[in-house]
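2 protein chains.
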Amino acid sequence: MIVELINTGSELMLGRVLNTHQQWLCRQLADLDCVVSRQTAVADTAKEIEQAVRESLTRADLVITTGGLGPTSDDLTRTAIARMLGKEMKEDAVVLAQIQKYFAQRNRPMPERTREEALVPEGALVLPNPNGTAPGLAVEVRPDQSRSGNNVGWLIMLPGPPRELRPIFANHVVPLVKRLFPSKEPFICRTFRTAGLGESVVQQKIEHPLRSLVEAGLELGYCARPGQVDVRLVSRGINAEKLTAEATVILRAQLGADIYGQEDETIEAVIVRLLTARRQTLALAESCTGGCIAHRLTNVPGASAVLFGSFVTYSDEMKRKLLGVRAETLALHGAVSEEVAREMAEDARRVTESDYAISVTGIAGPDGGTPEKPVGTVFIALASLRETRVSKMFNPWDRLTFKEVTTQQALNQLRLRLESLL
Amino acid sequence: MIVELINTGSELMLGRVLNTHQQWLCRQLADLDCVVSRQTAVADTAKEIEQAVRESLTRADLVITTGGLGPTSDDLTRTAIARMLGKEMKEDAVVLAQIQKYFAQRNRPMPERTREEALVPEGALVLPNPNGTAPGLAVEVRPDQSRSGNNVGWLIMLPGPPRELRPIFANHVVPLVKRLFPSKEPFICRTFRTAGLGESVVQQKIEHPLRSLVEAGLELGYCARPGQVDVRLVSRGINAEKLTAEATVILRAQLGADIYGQEDETIEAVIVRLLTARRQTLALAESCTGGCIAHRLTNVPGASAVLFGSFVTYSDEMKRKLLGVRAETLALHGAVSEEVAREMAEDARRVTESDYAISVTGIAGPDGGTPEKPVGTVFIALASLRETRVSKMFNPWDRLTFKEVTTQQALNQLRLRLESLL
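The listed protein sequences derive, respectively, from chains A and B.
In terms of the numbering used here, the first sequence is residues 1 to 422.
In terms of the numbering used here, the second sequence is residues 1 to 422.
Fair warning: there could be bad hints in the mix.
[Said to hold, decoys possible] If you anchor each label on the Cβ, the simulated ranges turn out as follows: (1) Glu207/B <-> Glu372/A: 57 to 65 angstroms; (2) Val126/B <-> Ile250/A: 35 to 43 angstroms; (3) Lys392/B <-> Arg190/A: 51 to 59 angstroms.
If you're looking for bench data, these hints aren't it; they were derived computationally from the structure.
Quantities reported herein were computed from a predicted structural model and do not represent experimental measurements.
Quick reminder that beta carbons are idealized off the backbone N, C-alpha and C, glycines included.
Using the sequences provided together with the hints, build the complete structure.
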């Protein structure tokens, strides 16, 4: 089956917001063995939406649109598609009651305009939206309007806000797709996440050993991101499981501890898991990452059980006052130095009485670099009861990438340490 | 002129990475008065790339592709497009020398495969890439291969990594586009960022007052995001400047201090600017936001001059030990309470001797809620020399949205405070 995705919104075409639906929906659909073959974004004018939907219907069995179901004047998807398909719109009493309930529960008057969201194209399935007012809609498309050679196609419209779209997709679209398009052949997509190696090094390590599996039909893909490289294995058909299993063994042998996780696992989730299992605790002392390490770790549910706290000490004075870094160390070596990184980590561990502490001190830029310590210089220290290790890194990127890469490196050092102790 | 954007990459179709090129390039092009009319993403197979490029060329004067120029086996864009356009590929001596220099400077041997990146379709312009090995390429498209009725079209290929793509775009694509497609009519796109109001409230406040300008051709758009609503004004033609100026006056009158900035300005940038101008300083005490407020503020260059530091105190013990919150306050009211928020902010201000301190304490979930204090409950305190104000909010979203919305609210309270003092 062929699936296409259409995101509507002038703000997308003007580059005013990031399109997160593309990744989320493609991911969910791939896991249902419905790899999206094309994703399109157009402005939210009736003409553009109609043209894009019409073209997609000639290619795809299933077309999913996002956005344009709300109450404001630029919400035109529902009307444009109904008109294109020659379907009348009728007010749906159940939908209207749900919208009224939504406002009543929040003790807010219902704006008259919201009533439009209760209009449903004839014959459409309503996909309830408990987190908003506009429901999703699924419409069967007549053969003459859909991909030639097919009986019927389906068109599913979802509201734009992720908080509304995602539950509707999980609770209503997934069962519908499974029923309408049952999977015909096995399909496995697996992503391995590595940290600490460059893309070409990863490729060099695995390409040759995997060659015969690739010849047998395994698809191999790479994706380089700040501080990490993802390796993706895709296989289909009756050999999918065997190919994936064999490739996994080879990947693990070649990349070893450089693989920190699979699929969506993050380094911070691995760390919270390892520390929780071992009932150990962590403290942070962040200078140049400015809270990014703490932010990443606290995105993980359950982080509160293992992260005692973080000192974000941007100035020399705060490094002295909050952590107890010695004035002479700062004066002698400068704030960005192996010695200060070491003291920061040891002080953070001591003050909080945690098992481990990570510290980072560096120059994020754009200003503050010197010939000896250019922008991008950073020291990362990891302190435990037994020892403190400091590494010097060089991440000469823009400020945000610098923070991201440095955070990834600091977390990866702790992960390697924790895994080596297992 | 009509511009289309094609992002290639199987990882996009599998939903394994976020497509950030779409927003970035659409934004840059919109600012050149080249609003992208369609953005497409396809897998990086030769067939998909060819089909998408061929279709775009029938509609657009300029087609920009991203990705697939690298050295790995799934990098097929250059070859597929050259074949489609019937252009031969030749090794370019200058490009090859640059690639060799790139590796020599890094003291790394050049993998043989990288040599493929020196292949250039005949007649193509090379757009140098100082941050990587594969250059961008610009190719003129013959009339019979491009949009009917036009003389020639242009096709620009850019490498996938943002760190490489963005400088090539800024330094080479922008001048090229300006030369090839000089702007014909004035075009103004302006975004106003508001915080603290819902989308329907923003619309209610401005829709009626702006009606006559909309009838005169002003386009009005909304975009709701966690903790903020953006209002977008687009106008074209000889009246663009007048329409924008009049609409701006109305927006400012209707929304007042709820507008925190324009275009890409963030609340954190506004705060760093205001504090810097007034030589004032800030400290943070974060519980449930876990470092997110510090992270956002330290994304702003120059934050080190105004942000003394942040205490990320996740546990009760750390709130006591690092900040000095009284044990009896914690025991009597619980960590998530007005009283603890107040003490956290006052303690953070006292310890760091800063002018202001913000504290947050709440329940991010998914666990930890009670009937009296359900998940989403949060207290935000703002302490200054004169007074401490605490507000209670309710943000019953998922963990990450909770952190984002709470951070936005906390920063907005400080912004409103700083602006009211101007």
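Each hint, compared with the structure:
1. Hint check: Glu207/B to Glu372/A, Cβ distance near 59 angstroms, so the stated range 57 to 65 angstroms holds.
2. Restraint check, Val126/B to Ile250/A: a C-beta distance of roughly 38 angstroms satisfies the suggested window 35 to 43 angstroms.
3. Restraint check, Lys392/B to Arg190/A: a C-beta distance of roughly 45 angstroms breaks the suggested window 51 to 59 angstroms.
Checked against the numbered hints above, the structure breaks only hint 3 and satisfies the rest.
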